[in-house]
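*Asks:* Each chain, letter by letter, is given below.
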Amino acid sequence: MGVIHVTDRAGQRHTLEAIEGWRVMEIIRDWGLPIEGLCGGACECATCHVFVDEQWLDKLYPPTEEEEDQLDTVVTKPNSRLSCQIIWTPELDGLEVTLAPTGN
Amino acid sequence: MTDHIETDVVIIGAGPVGLFAVFELGLLDIKCHLIDILPKVGGQCAELYPEKPIYDIPGFPMVTGQGLVDNLMAQIEPFHPTFHLNEMVESLESIGTPEAPRFRVKTSENGTTFECKAVIIAAGGGSFQPKKPPIDGIESYEGTGVYYAVRKMEMFRNKRVLIVGGGDSALDWTVNLQPIAKRLTLLHRRDAFRAAPHTVEKMRSLVASGDMDLHLGQVSALKGDAPVLEGAVIRKDDGSELRVDCDVMLPFFGLTMKLGPIADWGLNLHENLVPVDTEKFETNVPGIFAIGDINTYPGKLKLILSGFHEGALAAQKVHRYVYPEKKLLFQYTTSSTSLQKKLGVAA
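From first to last, the protein sequence lines stand for chains L and H. Residues in the first sequence are numbered from 17 upward in steps of one, following the working numbering. Residues in the second sequence are numbered from 13 upward in steps of one, following the working numbering.
What the hints contain is simulated information worked out from the structure, not anything from laboratory work. Just to be clear, a hint being listed does not mean it is correct.
Calculated pairs, DSSO-like style, for lysine-lysine (alpha carbon to alpha carbon, straight line, at most 27 Å) [stated by the list, open to error]: (1) L:93 x H:52; (2) H:270 x H:118; (3) H:292 x H:312; (4) H:144 x H:314; (5) H:118 x H:329; (6) H:52 x H:118; (7) L:93 x H:144; (8) H:353 x H:314; (9) H:235 x H:43; (10) L:93 x H:270; (11) H:144 x H:270; (12) L:93 x H:248; (13) H:329 x H:43; (14) L:75 x H:248; (15) H:64 x H:52.
Note that the coordinates shown come from a computational prediction; the quantities given were computed from them, not determined experimentally.
With the hints as constraints, model all of the structure from the sequences given.
*Replies:* See the structure below:
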């Protein structure tokens with residue numbers, strides 16, 4: 017078992033137990049943090065947008081064209097990813113992400 | 013002109029669950045009208061994932077979002093439901109009694125009024141609305157300097173226009189507004205566009221000829237004494253900033269779902285969901301039902317198949333409101349000739 021660290025929109029950092037094979041969006045949602053995940057992980061809505069800590073970026077599979085298309089619909093930073101497209105594996109033990117702001 | 017419509021049931025939301033409710037109501041001789049904010053039926057299935065395969069619809073090992081919607085439309089065809097698309101329900105008012113409920117429903121665009129004996133809310137995550145980018149103070153410019161849709165092109169004549177986005181809406185409005193705008197700037201986060209290739213081509217040639225500007229980056233701040241917009245600060249990927257002077261900004265970031273006016277209808281809400289009982293899927297207001305992703309109850313699973321079940325049970329109670337004198341006889345479509353007649357399949 018490993019963990020991920022998630023900083024919420026109020027700046028508070030949470031350490032969540034991760035489960036192999038789950039999407040990071042699902043782990044965050046399962047622990048009750050406010051991540052919308054409207055489309056349910058189908059890479060169709062960008063409501064699970066997170067900023068990935070720089071040191072972890074290279075350890076992730078690069079975004080697909082589909083994910084890039086969805087990232088076009090939010091205000092991104094260079095370290096923006098959709099958390100539904102990151103499948104947690106033990107190599108990602110300690111992954112550090114921050115929930116991106118949402119519009120009203 | 014405002015229309016006035018009398019019917020048995022108004023269904024709010026024409027997604028898969030709202031569509032199947034038409035079938036269950038139809039078998040019980042209950043007529044309905046459906047209202048949806050989108051220009052097409054199918055809700056999230058049609059808007060968010062029309063091409064995505066779904067694997068957990070009973071009887072379909074695999075069906076796409078649009079495929080499911082098409083099949084549901086064929087299934088409810090015998091009941092001739094009336095659709096009111098591109099309309100949002102603005103108000104829902106109770107004009108009856110708990111024993112004999114009656115409701116007045118009004119929509120926004122054409123101001124259609126419905127009077128009915130029951131309302132079924134099948135609104136999923138709420139109504140689809142333009143996604144608003146999280147930029148500080150953006151609300152204070154909305155309607156004066158920031159618009160999420162173009163209603164009248166003339167509004168933008170001789171204005172300095174900043175369009176943000178890389179999809180069809182952003183690119184279509186770029187090439188349509190460029191000839192009348194004083195200066196048009198397109199801003200997108202990367203040099204790849206998912207719009208129709210010939211529109212992208214047109215935009216690139218306008219940039220090449222110096223007739224418009226294209227920048228890659230993100231809006232980080234808006235400038236100007238609200239509500240008057242004067243410019244936007246753009247942050248590029250390399251961290252540098254750039255100021256673009258503009259009178260209006262049009263962000264085209266697609267659609268998202270918001271609860272919207274449902275919050276004002278006197279219904280109990282729990283975290284933007286409508287609590288219901290699991291016998292009739294009725295809300296705290298007798299005669300108003302909630303089925304599908306919009307409702308909540310102990311053990312709720314947000315699955316399309318749950319919404320189908322909920323619609324079938326809600327229809328049983330709706331029957332009592334629509335036909336208070338009639339006893340409801342439970343029948344199967346496999347064996348009942350009366351049901352088969354309604355479906356137009358009787359021998």
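*Asks:* A separate judgement is required for each hint: does it hold in the structure or not?
*Replies:* Checked hints:
1. L:93 x H:52: Outside the cut-off at roughly 34 Å; violated.
2. H:270 x H:118: holds, 19 Å
3. H:292 x H:312: holds, 14 Å
4. H:144 x H:314: holds, 25 Å
5. H:118 x H:329: holds, 24 Å
6. H:52 x H:118: holds, 19 Å
7. L:93 x H:144: holds, 17 Å
8. H:353 x H:314: violated, 33 Å
9. H:235 x H:43: Distance ~53 Å between residue 235 (chain H) and residue 43 (chain H) Cα, so the pair is violated.
10. L:93 x H:270: holds, 25 Å
11. H:144 x H:270: With a Cα-Cα distance of about 11 Å, the restraint between residue 144 (chain H) and residue 270 (chain H) holds, given a limit of 27 Å.
12. L:93 x H:248: holds, 9 Å
13. H:329 x H:43: holds, 14 Å
14. L:75 x H:248: holds, 24 Å
15. H:64 x H:52: OK: residue 64 (chain H) and residue 52 (chain H) at ~17 Å, within 27 Å.
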